[in-house]
Each structure stands twice: as C-alpha cells, then as structure tokens.
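Protein chains: 2
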Amino acid sequence: MKPILIALLAAAILPLSGCAPGGSGDAGPVDEKAAAAVKERKAVLTLMKSNFVPPILMAQDKIPYDAAQAQKNATRLAFLIPMLEDAFATDTRGSGVETEALDVIWEKPDEFAGKIASAVEAARQLAAVAGDEDAMKAAAGNLGKKCGSCHDDFRVDDD
Amino acid sequence: MKPILIALLAAAILPLSGCAPGGSGDAGPVDEKAAAAVKERKAVLTLMKSNFVPPILMAQDKIPYDAAQAQKNATRLAFLIPMLEDAFATDTRGSGVETEALDVIWEKPDEFAGKIASAVEAARQLAAVAGDEDAMKAAAGNLGKKCGSCHDDFRVDDD
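From first to last, the protein sequence lines are chains A and B. Per the working numbering, numbering of the first sequence is gapless, rising by one per residue and ending at 1386. Per the working numbering, numbering of the second sequence is gapless, rising by one per residue and ending at 1386.
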C-alpha cells in the first residue's frame, strides 16, 4: 500500500468520522468526542432495536414465525449487544450532547456492565434457540426483559 | 412467556422503533418506512466508519499498531459490512428523506451488490490477517479502496 494512496483514502474517510482518538482537553475537542460517542451508541442501539422487532413480533404472534429471519436477527443481536460496552465507554456527563443516557451509567459502572453482560447472555441464548419456535419466543421475551431492566435504571424515562 | 408480559415489553420497545414491517401505501407510512430505512443504513455506516478509523490510522502510522484493537475492529467490520445488503433493501427514491444515497443504487442493483460483496471480501481478509502488522496495513488499504469505489459511484459527492 503506497503512502500516498493511504493518505488519499484517509482524506476521504476521516473528515466525516468524528472518531479520531483522544482530545486535547479544551471544550471543543471534548464536545466533539462526546458527540461522536453518542452517535456511536445510538447507532448500536438503532441496530439492536431493528433486529429485535421481528423476533418480538413473532413472540407476540403479530407476524408468522420465520426461522431464518429469527436466526439472522438473533445472530446480529448477539454480535451487536457486546458492542455496548465500548459504545458507553466515553463518559458524556456534562457534555451538553443530547442523549437519553442517564449519569448513573458512569456513577455505577459495575451495575451497568452487569446489565450489559446479562443482555449479552440472553442474546446468545436467543441465537442458540432461534430455530425452535417455542424456545425462540421464550428467549425473545427473556431478552426483552433484560432490555427493559437496563432502560428502567439507565435511560431517561419516556413515560 | 405470559402474553401480558410480551405486550408490556412490546409497548416499551416498539413505539420508538419506526421499524414495523410493511406499510399501507399512502404517503405517511411510506415516508416512515423510508425514514426508518435511512436511519438503519446510517447506523450501519456509522459503525463501519468508527471501526475502520483505527486500522486506517495504524496503516498511516498515525497511531501505533495494536493487534488486539485491529482484530476487534476487523472482526466487527466483517460482521457489519454484510448488513449493508439489508440496510439498502428499501428503495427510498423520492421519499424526501435526507440521504447521501444516490438513486443509481436502485437503478443498478447488481452493480451495487457487487460493490458490497467486494467490500465484504476485503473486510474478511482484513479480519484474517489483523494479527500481522504488515498484512493488516495492506488489507486496511485494500478495504479503503473498496469503500472509496462504492462512495464514488453510489454516494453524493462531498467535494
């Protein structure tokens, strides 16, 4: 890989990223880092949500059970949910960036990490049984409880 | 899983999703579906970008090579990039939803699918060699070329 080509690629990719590591400590870079962190975590949660909708609709009998769809969604959930740990690594308290994440995430990091670990386990279980209709429905419900438990404690209440 | 519990979970999760399948055909639901599709694809691309930044900075010698970081990012890229196929399945031409996706994506679907397949292959190659510094740097450059090639033809030109 020629250096000039790498530089061209970087010029094409990096200006839009907002993901350069580090930050100098003054207000500008800190806010930029927080904004990138919030964008990252919202992206993970967006994909988690869209991949959880079909299994939960199947569990409700609102759409027919589809083993291939359930397996695809479950496999993606089992991959995406562990990404939450990195996605919430940046403490964005006081950054001014709009977020539904509560400060308690960084006040009780062990408790938050425990919620994520519990959801990861539930997602892996869902992926393991997605081919069995009854087991998939039960596992989707269990994962939903893990999601709700974390939202109850660590996300702004929408009600 | 009791039906009432499933209903409560669904109430907690679904209102925010914008991902309910289908649409009745009038303008409202169609736009909602397009907005959800654009949100989904932007989420995939956001995570692709943030996971590609560290390897490309390593390839540029702007940050030190870190085998574990490169492997994590490469593994995630190899998982995320195949999601583009579903993420662009919804034709959002004429929806009015703001997007950098060009209409040619749905005018030349085979060409677009070929670009994705090529990027998937490059990401898998990156994941396979992430533990070897020189090979990782070359593979990151190769993946960058695939990204750029797709952006050239199928994304609004930012220049």
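Hints in this document: simulated from the structure, not taken from any laboratory. Hints may contain errors.
List of simulated lysine-lysine pairs, DSSO-like, C-alpha gap at most 27 angstroms [said to hold, decoys possible]: (1) A:1373 to A:1266; (2) A:1289 to A:1335; (3) B:1335 to B:1289; (4) A:1335 to B:1269; (5) B:1260 to A:1266; (6) B:1289 to B:1266; (7) A:1373 to B:1335; (8) B:1289 to A:1299; (9) B:1269 to A:1269; (10) A:1269 to A:1373; (11) A:1269 to B:1335.
The hints, checked one at a time:
1. A:1373 to A:1266: Within the cut-off at roughly 23 angstroms; holds.
2. A:1289 to A:1335: 37 angstroms, violated
3. B:1335 to B:1289: Violated, at about 37 angstroms.
4. A:1335 to B:1269: 31 angstroms, violated
5. B:1260 to A:1266: Cα-Cα ~21 angstroms, so holds.
6. B:1289 to B:1266: Judged against 27 angstroms, a Cα distance of about 31 angstroms means the pair is violated.
7. A:1373 to B:1335: With a Cα-Cα distance of about 42 angstroms, the restraint between residue 1373 of chain A and residue 1335 of chain B is violated, given a limit of 27 angstroms.
8. B:1289 to A:1299: Violated, because 37 angstroms separates the two Cα atoms, which is more than 27 angstroms.
9. B:1269 to A:1269: The hint holds at about 11 angstroms.
10. A:1269 to A:1373: 18 angstroms, holds
11. A:1269 to B:1335: 31 angstroms, violated
Checked against the numbered hints above, the structure violates hints 2, 3, 4, 6, 7, 8, 11; every other hint is satisfied.
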